[in-house]
Amino acid sequence: MNVQEAIKAVEQLNPQPSVPELRPGDTVRVHYKFTEGDKERVQVFEGVVIRLRGTGAGATFTVRRIASHGIGVERIFPIHSPNIQKVEIVRRAKVRRAKLYYLRNLYGKAARLKEKRE
Amino acid sequence: MKGILGKKLGMTRIFKENGEVVPVTVIQAGPCFVTQIKTEEKDGYKAIQLGFEEVKPKSLTRPELMHLRKNNLPPLRYLKEIRVDNPEDYEVGQKITVSIFDVGEKVDVTGWSKGRGFAGVVKRWGFSGGPRTHGQSDRVRAPGSIGAGTDPGRVIKGLRMAGRMGNERVTVQNLEVVYVDPQRNLLAVKGAIPGARNSLVIIKQARKTEEKRKRYE
Chain F
20 MNVQEAIKAV
30 EQLNPQPSVP
40 ELRPGDTVRV
50 HYKFTEGDKE
60 RVQVFEGVVI
70 RLRGTGAGAT
80 FTVRRIASHG
90 IGVERIFPIH
100 SPNIQKVEIV
110 RRAKVRRAKL
120 YYLRNLYGKA
130 ARLKEKRE
Chain V
-16 MKGILGKKLG
-6 MTRIFKENGE
4 VVPVTVIQAG
14 PCFVTQIKTE
24 EKDGYKAIQL
34 GFEEVKPKSL
44 TRPELMHLRK
54 NNLPPLRYLK
64 EIRVDNPEDY
74 EVGQKITVSI
84 FDVGEKVDVT
94 GWSKGRGFAG
104 VVKRWGFSGG
114 PRTHGQSDRV
124 RAPGSIGAGT
134 DPGRVIKGLR
144 MAGRMGNERV
154 TVQNLEVVYV
164 DPQRNLLAVK
174 GAIPGARNSL
184 VIIKQARKTE
194 EKRKRYE
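Chains F and V supply the protein sequences, listed in that same order. Each residue of the first sequence is one higher than the one before, starting from 20 at the first, in my numbering. Each residue of the second sequence is one higher than the one before, starting from -16 at the first, in my numbering.
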């Protein structure tokens, strides 16, 4: 048995991720569960997926959104986190790179992405 | 005291239900054979010798091979002794698998750490090194003063200096068993263990458990 299979076997312990197949440029709504003391609540974070990183149990994706006063906010979510309840894809954009870091230097109209035609 | 030999395979992570991440090391543990039994009367101490990882006969020396063959055991790469209180409960040729451990149990894992070669004091002892600016040259990873002057006129013994680092036997105690798979001979423990991938590790029941410590107090 090779190493990759062995590690996959252990990763089977993780619950199935509730994240659909994502692409860079997707605009998504991430429903993320928080525990504050003993209270649980779900927060929605909407923004553009600018990066998919890693494989297996350690894979993450980064969502960027422009918060109030034009401040960019990025959040990194582990794909396998059981705290992610749901990820909705709002729209998909046509992009030409895997990592959309260039969006960090753009704002307003320039930061728009072209919608993908299926 | 129960134990098994294994091979470090690599690390990954497991998410708990509340979203907490548990870092785990995956080990190919066993199957091991009991290759010899050491008793108080015959050898002066009580232990079992375990053998792990079948190999081609030609990779062993003649004495190694015959030691195994006389008990109808396959050629095995590693032979290691584990001290036990009850050697009479084991018999030569007996197979030992990961199923001796349960999920949630605590274990001690021994391995041989990765060799770092001749390492400086910053890497080996965690020194801070010297200042990088304010007119310094050649001081970035320097050890600083190693002692006083004419009195005492020597460097005190045991001072931490540069030298060979790693490639030594290291034991990590009280790791939690997270996963046991007797079919595939896999074991996963919480946290990191010493050594490179594919290196030999010895997994034993934890010596210093929380319960034992309480009994002493």
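Worth flagging that the hints you see were computed from the coordinates, not collected in a lab. Where is the CB? At the ideal position from N, CA and C, for every residue including glycine. Mixed in with the good hints there might be a few duds.
[Claimed, not checked] Here are a few chain V residues that sit away from chain F, every Cβ distance over 12 Å (derived from the structure):
#1 M49
#2 N54
#3 D72
[Claimed, not checked] No more than 35 Å apart at the CA atoms, straight line, and that leaves these computed lysine-lysine pairs for DSBU-like:
#4 K105/F x K173/V
#5 K89/V x K52/F
#6 K27/F x K191/V
#7 K58/F x K41/V
#8 K27/F x K140/V
#9 K52/F x K41/V
#10 K118/F x K133/F
#11 K53/V x K27/F
Hints and how they fare:
Distance check for M49/V against chain F: the nearest CB is about 30 Å away, which clears 12 Å, and the non-interface claim stands. Even its closest Cβ contact with chain F, about 27 Å, leaves N54/V beyond 12 Å, as expected for a residue assigned away from the interface. Every beta carbon of chain F lies more than 12 Å from that of D72/V, the smallest distance being close to 30 Å; the non-interface claim holds. Our distance criterion of 35 Å between C-alpha atoms is met by K105/F and K173/V, whose separation comes to about 29 Å.
With a CA separation close to 31 Å, the supplied pair K89/V and K52/F stays within the 35 Å bound. With a C-alpha separation of about 32 Å, the suggested pair K27/F and K191/V falls inside the 35 Å cut-off, and the hint holds. Our distance criterion of 35 Å between C-alpha atoms is broken by K58/F and K41/V, whose separation comes to about 64 Å. Only pairs whose Cα atoms come within 35 Å are accepted, and K27/F paired with K140/V is rejected, the gap being roughly 49 Å.
Between K52/F and K41/V the alpha-carbon distance is near 58 Å, which puts this suggested pair outside the 35 Å criterion. Between K118/F and K133/F the CA atoms are separated by roughly 16 Å; this keeps the pair inside 35 Å, and the hint holds. The hinted pair formed by K53/V and K27/F fails the criterion: a straight-line CA distance of about 39 Å is larger than 35 Å.
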